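Q: Take a look at the letters that make up each chain.
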Amino acid sequence: MAEPTKNPLQAGTGEQGTSVAEKLVALGLPEWVEPEMLQEFLATQTGALEDVEREILEVEGGSEEGLAELKRRLHTMKGEAGAIGLCGLERVFHAMEDCLAAAPPDRSDRLLEAKDWLASTLASLAKLAPPESPADKVVALLTSVPPAADTAAPDPATADPATADTAAAGAATAGAAAPAPGAADLPSKGGARAHRDPETVAMLGEFIVESDEGLGSAEQLLMNVEHDGPSPESTNGLFRIVHNIKGGSGFYNVPDVTALAHRTETLLDLLRDGVMELRGAVLDLVLDAVDHLRQLLSAVRDAVDRDVEFPASPEVPQLLARLQAAIDGEPPPPAELPAFRPGTQLGEILETIAAVPPSRTAAAAVAQKVSGLRLGEELVAQGDVRPKQLVQALRAQAEANRASTARIRGTVKVDLERVDSLVEMIGELVIVQSMVVNAPEMQAITSHRTRNYLGHLTKIVRDLQGVGMHMRMVPLRAVFQKMARLVRDLSHKSGKEVQVALSGEGTEMDRSMVEQIGDPLVHMIRNAVDHGIEPAAERAAAGKPPVATVRLSAFHEGGSIAIEIGDDGGGLRRDAILAKARAQGLISGNQELSDDAVFSLIFAPGFSTAKQITELSGRGVGMDVVKRSIEAMRGRISIASAPGRGTTFKILLPLTLAIIDGMLVSCGEERYIIPTLSVVESIKPDASMLFCAANRAEVLNIRGQILTLLRLDRLFDIPGAKSDPVEALVVILESGGRRFGLLVDNVLSQQQVVIKSLDAGIQIPFVSGAAILPDGKVGMIVNVEEIGDEWWRREQLHSC
Amino acid sequence: MASENAASDEAKAEARTAELGAGLAGKYMTFKLAREEYGLGILKVREIIGLPEITRAPRTPDFLRGVINLRGKVIAVIDLRLKFGMSKLDPTDQTVIILVQYALAGQDVTMGILVDEVVEVMDLQASQIEPPPAFGAGAIDADFVLGVGKVDKRVIFLLDIGKVLTTDEVKKLAGASA
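Protein chains in written order, with numbering that gives the first Met the number 0: chain A, 0 to 799; chain B, 0 to 177.
Source of the hints: derived by calculation from the structure; they are not laboratory data. Fair warning: there could be bad hints in the mix.
[Said to hold, decoys possible] In silico DMTMM-like pairs for lysine to aspartate or glutamate, Cα to Cα no more than 20 Å straight-line:
no., chain 1, residue 1, chain 2, residue 2
1, A, K776, B, E52
2, B, K72, A, D419
3, A, K70, A, E96
4, B, K72, A, E427
5, B, K72, A, D774
6, B, K72, A, E423
7, B, K149, B, E129
8, B, K43, B, D115
9, B, K31, B, D92
10, B, K87, B, E129
[Stated by the list, open to error] Non-contacting residues of chain A with respect to chain B, defined by C-beta distances greater than 10 Å in every case (computed):
no., residue
11, Q294
12, R300
13, V513
14, D518
15, S687
Treat the numbers as computed from the prediction; the structure is a model and nothing was measured. Built from N, CA and C at the ideal position, the CB exists for glycine as well.
If we strip away everything but chain A, and leave its shape as in the complex, we get:
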């Protein structure tokens, strides 16, 4: 008898259970591995693998952040694989780490190959089948000596443990039911089993989480300092954070962390006393130290997870030496120019503090364009201001700016699951409440008192909904900070001078959306710096300031959140986009298109991948991916661009993923919800607006704009809808820069609805989800993007 078609890992009870367990052992897993453990492992690893692929590509693109991230991720995944005794996977991860470090010329290819193997192996494991090809092949591929052996041959010291590792792991695989080959047995891990008791592990976990948070705010402080100059508060803040980490790590006996934290603290102490300034190379050094502390802590977390001794990091001594050099007063090596803000109010501050005549600041402002120095530095260079005065001015400025930065507030840490279930229950409460209040029996109640109570109930529930929504909201600050860092790195890498201007970092969004918005933003920022901003010579020729600006801002607009990514680069080149789109057959030869329509062409899939376009128009890499992720969040993206003045992308997102503003429309006996974000307006058409070609294709003339008219009843086969448009209503919708009209019977109301995804992965065409209406029935949410795309596709078919 065939296996039932359920997930083989779904904990089988009774007879099923034993057979699953046997299969697990047959796969070479230790006996104590429960199906649930493997399942959880597979779930996390599959998710992480996608990130691995992305990061490999990022690393190929030269992202150092990606490299560090990838290292960390591979390391964690290796630990997880080792923890449940999957030696083959563990070896591959290990080889990937080695390959990453050895950096052979075809590193990305090898890593991607390995990633593909991992993906297929995970898929096989999910089916309880052995891997399609043996791990050794992949390991061999990863560790083979590259053709250009002179540069990147792995040094024997690192190669040795790898082989030993391979041998040990291989032996373990051979004996199928062998006891778990704990990662601690591997010589390269440098640690024997540590045998921590659960209490210590829990306390260590807390220490790591707290330290992580601390380092997060440290990074933020440093970025603020880079932007606004140092302040006693920021140095004190840094000092406190590092001090706490030092204390904790000393207590838990993590020598590397303690040493690094201690040395950093010493440096910060000097900074605090004003012996040194937290800027330029010193700032970079502190950033490095913070970065490294993070890595060390993640290694500690890893070691705790696998219950081995804490590993020693080879990079620590070098970093310690650099810190010591700085403490000894030696100028830290290569000082790079920090980012600065031109035309800053610093001049005004200096005019007050140092009594610099306005004419001198003006002259300095001109001179700084040539020298590339900060205004203050320029003034110092010209002898108008003494350094100390500048520091005072910068501090004054920081003081002024700090009013806007958030203060650390008292918080309580709550399990995320609890928050989610609370929010979900509030969602259900809202639905039931409105069902109760709207029930005909309730409507019939005339008692003043009862009606009052009902009103009170409604208000409380509404307030509760607001509170619930906000519980999941987090500020965009962390994401923006990451982007600022990205711009900084990209700017250094590309040799273009770019500064970043952030605003509205305090704007809050649903936590899951904040996680999802990161990737599209990275794409767009990278595009802006790589392609949007012209090389220095071109900028100079156009008379623009040498330092380009990437603006990232967030704000509320209506019931949505708007995020804008703007650059002051060359702008999108309309002609080039049009030419390419014609060549690719996206539009027909003689079509006249609005700017909006032309610009949205860069979102077309395939359009972005063409190499020529990237060179011609300078835009479009991965823009279809950006558009799709924004749409997955039920958002919209639009472009504004002016030749020579730059490009601004504007993303409009709903406040949360769970609730949207909807327009409830009726059609025949049925009701549908149209997301208000997509609605431009709704109008009652009169006969003079309506035209019909060949008795089929209906169009609408609205104030001179000709729009296609689609009918909801025909789209959804709804019986009994109004057939004469004059008696009905037209809702004008916008999707991807294109507008069209949708004929419905009536607009019933505007309201917030709680989105319910459809179970079972059932997708209904042109429907993006469902919501419970106030009377308790289910209403479908119309997928405007899908309708727009479909209509656009047909349009193209007809006109070609």
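Based on these hints, arrange chain B on the given structure of chain A.
A: Same frame as chain A, now just chain B:
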């Protein structure tokens, strides 16, 4: 020789039947569609509800009757009559929705199935279960019938609900309009 072979074949078939019976023995909830009685493993059944108002899902096959609101969750409802190619029946006071939970493409899925009436929950012994008969060449693909239960004169088709609505079919639901 020949008879010996036949005998051993028969023995093998019997052994298979016994094995199948042992694997399928347990509690079943039975329901009716037209004359026929079907059985669902009791562990797959979450609950039975009366017929609520169903919201139609446009541009999907007939057998997907639509979706319902079950205490704030949106659940798809399959009309098993239509799924099995039978004629549609106007709901009676016996008509109910059985909520079943099963794994689809690695995910736990709750779905409602609309049936004429629920009969009972019964215990089926291994000896009462036979393998599904071959349904004849050209007949519908009936691999969703796990076995056939025989109780007195009743014949109960034991369903593998996961196979009744396969992944392919769910995908087809999605692609129905294209």
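Q: None of the hints should be skipped; say for each whether it holds.
A: Hint check:
A distance of roughly 7 Å separates the Cα atoms of K776(A) and E52(B); the hinted pair therefore holds under the 20 Å criterion. Distance hint between K72(B) and D419(A) is fulfilled; the C-alpha atoms sit about 15 Å from each other, no more than 20 Å. The suggested pairing of K70(A) with E96(A) holds, with an alpha-carbon distance near 7 Å, which does not exceed 20 Å. As the CA atoms of K72(B) and E427(A) are separated by approximately 9 Å, the hinted pair is consistent with the 20 Å bound.
A threshold of 20 Å between alpha carbons decides the hint, and for K72(B) with D774(A) the separation of about 14 Å falls inside it, so the pair holds. For the suggested pair K72(B) and E423(A), the alpha carbons sit about 10 Å apart, so the restraint of at most 20 Å is met. Taken as a hint, the K149(B) and E129(B) pair is honoured in the structure, with Cα atoms around 8 Å apart against an allowance of 20 Å. For the suggested pair K43(B) and D115(B), the alpha carbons sit about 19 Å apart, so the restraint of at most 20 Å is met.
The straight-line distance between the Cα atoms of K31(B) and D92(B) is roughly 14 Å, inside the 20 Å bound, and the hint therefore holds. The straight-line distance between the Cα atoms of K87(B) and E129(B) is roughly 30 Å, outside the 20 Å bound, and the hint therefore fails. Non-interface status of Q294(A) relative to chain B is upheld: no Cβ of that chain comes within 10 Å, the nearest being about 34 Å off. A cut-off of 10 Å between C-beta atoms confirms that R300(A) is not in contact with chain B; the least separation is 29 Å.
With a cut of 10 Å on Cβ distances, V513(A) stays outside the contact zone with chain B, its closest approach being about 25 Å. Against chain B, the non-interface label of D518(A) holds: every CB pair exceeds 10 Å, the least being about 24 Å. Chain B leaves S687(A) outside its interface by the beta-carbon criterion, the shortest separation being 32 Å against a cut-off of 10 Å.
Violation of the numbered hints given earlier is confined to hint 10; every other hint is satisfied by the structure.
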